[in-house]
Amino acid sequence: EPEVTQTPSHQVTQMGQEVILRCVPISNHLYFYWYRQILGQKVEFLVSFYNNEISEKSEIFDDQFSVERPDGSNFTLKIRSTKLEDSAMYFCASSALTSTSGAKNIQYFGAGTRLSVL
Amino acid sequence: RKEVEQDPGPFNVPEGATVAFNCTYSNSASQSFFWYRQDCRKEPKLLMSVYSSGNEDGRFTAQLNRASQYISLLIRDSKLSDSATYLCVVKTSNTGKLIFGQGTTLQVKP
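Heads up: the sequence lines are chains A and B, in that order. The working numbering puts the first residue of the first sequence at 1, with every later residue one more than the last. The working numbering puts the first residue of the second sequence at 1001, with every later residue one more than the last.
Don't take each hint at face value.
With a straight-line Cα cutoff of 30 Å, these simulated DSS-like cross-link-like pairs (lysine-lysine) come out [to be verified]:
1. A:Lys42 / B:Lys1002
2. A:Lys78 / B:Lys1002
3. B:Lys1109 / A:Lys42
4. A:Lys57 / A:Lys42
5. A:Lys78 / B:Lys1109
6. B:Lys1109 / A:Lys57
7. B:Lys1042 / A:Lys42
8. B:Lys1042 / A:Lys57
9. B:Lys1045 / A:Lys83
Derived contacts from chain B toward chain A, CB cut-off under 10 Å, selection only [said to hold, decoys possible]:
10. Gly1096
11. Leu1098
12. Ile1099
Since the hints were derived computationally from the structure, they do not count as laboratory data. All values derive from a computational prediction rather than experimental measurement. We put the CB at the ideal spot given by N, CA and C, even for glycine.
Bound-form chain B, shown alone (with noise of 0.2 Å):
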C-alpha cells in the first residue's frame, strides 16, 4: 500500500465550481498533515495545515479523518488560478521527513 495515496485526476471543472480531493494515508502515527500547491515545474507550495478539527482559509476547507486515515480538501468557487497540482502530505517523524502523495491535477476552464 503506498504511504500516501490521492487519485491524480485530472479534474476539469468550470470556472465557479466546487471540487473535492481525497487522500488516504497507510501509517497511523502519522503526525502532521498538509495540503502544498505546485505549478508545472515549480516547488511546492504551502497551501494550508489540515487539523483534527477541520479548517477553512478562505474558499478552501480541509479536513482530517485520524480513524480513517483520511484527508479531503474542498475547494469552492474555483478560479482558473486555481489550475495546479495538489499534493497531499503527512509527516511522520520527529525528523520532520515529509511524505508526499503523487499529486491530484486540478485543470478549471472559462
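With the rest of the complex left out, here is chain A (with noise of 0.2 Å):
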C-alpha cells in the first residue's frame, strides 16, 4: 500500500537553528498538508499546498515557516529560527483531491517526525 514517508523521525536541534523536515506523498496526489501535534495535545493544521502554492495556512504558520516542493517527489517544511514551542510532532499528509467526497478525498498522514528543541 503507498505510504508517505517521512524523515528524520527524531530531529533534535538547539533554539535559533533552521531545521527542515522531510516528506515524500503518494506518488500520485496532488494535494499535500503539514500538521503539528504538541504532546498531549490536539492535531493542528499549519498549511496546505496545491500547485506549487500555498492554499491555505493557519495563524501557527508565521513568517518563521516556509514550505517547498523542490523536485518532483519531496515536500519540505522549513522552520527558520526555532523556538522550545516549536517541539512538536510534525505530520505530513497528501490526498488526491479535496473538493469531493469518497476515497480521492481521504488524508493519508506520514509517521512523523518529532521535533525537540533544546
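Put the two chains together into one complex, using the hints given.
See below:
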C-alpha cells in the first residue's frame, strides 16, 4: 500500500537553529499538508499546498515557516529560527483531491517527525 | 466554542462491550467528516468517513446529524486492539484543511 514517508523520525536542535523536515507524499497525490501535534494536545493544521502554491495556512504558520516542493517527489517544511514552543510532532499528509467526497478526498499521514528544540 | 469538541474520556470498557463516542462541530458549512484513530505517539489513521445516511464498517458504525452538528461512532464487541484515541475530524474548506478534535481515549480491558 502506498504511504507517506517522513524523515528524520526524530530531530533535535538548538533554539534559533534552522530545521528542514522532509516528506515524500504518495506519488499520484496532488495536495500536500503539514500538521503538528504538541505532546498531549490535538493535531493542528499548519498549511496546505497545491500546484506549487500555499492554498491555506493557519495562524501558527508565521514568517518563520516555509514550505517547498523542490522536486517531483519531496515536500519540505522549514523552520528558520526554532523556538522552544516549536517542539512537537510534525505530520505530513497528502490527498489526491480535496473538493469531492469519497476515497480521493482522504488524507494519508506520514509517521511524523518528532522535533525537540533545546 | 471549540471548532470540534469531544469528550476526552478515558473510556474504560471490558472486552466485548459496546461503546459510543460523540462529537460536535461548530461550523455549519463543514463539508466532510471523518473518524481517525491514533495510537500512542503514532500518526492519525483513517478509521472511516462519515456520511449523512450513516455508514457501517464491520463492528464500527458512524452517524452524522447535520441539523444538530453532531457526529457519533459506535464500536460493537470491543477488542483489546481497539484501545487507542479516536479523533473526530471535520473538513470545512476546499483547501483540504482538516480540523481535529482533542480525541477520545478508549481502553479495552480483558
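A quick look at each hint next to the structure:
1. A:Lys42 / B:Lys1002: Answer holds: lysine 42 of chain A to lysine 1002 of chain B is near 12 Å, not above 30 Å.
2. A:Lys78 / B:Lys1002: Since the Cα atoms of lysine 78 of chain A and lysine 1002 of chain B sit roughly 29 Å apart, the hinted pair holds (cutoff 30 Å).
3. B:Lys1109 / A:Lys42: holds (25 Å)
4. A:Lys57 / A:Lys42: holds (17 Å)
5. A:Lys78 / B:Lys1109: violated (42 Å)
6. B:Lys1109 / A:Lys57: violated (41 Å)
7. B:Lys1042 / A:Lys42: holds (13 Å)
8. B:Lys1042 / A:Lys57: Judged against 30 Å, a Cα distance of about 24 Å means the pair holds.
9. B:Lys1045 / A:Lys83: holds (29 Å)
10. Gly1096: Since chain A brings a Cβ to about 4 Å from glycine 1096 of chain B, closer than 10 Å, the hint holds.
11. Leu1098: Holds, about 6 Å.
12. Ile1099: holds (7 Å)
The structure fails to meet hints 5 and 6 from the earlier list, while all remaining hints are met.
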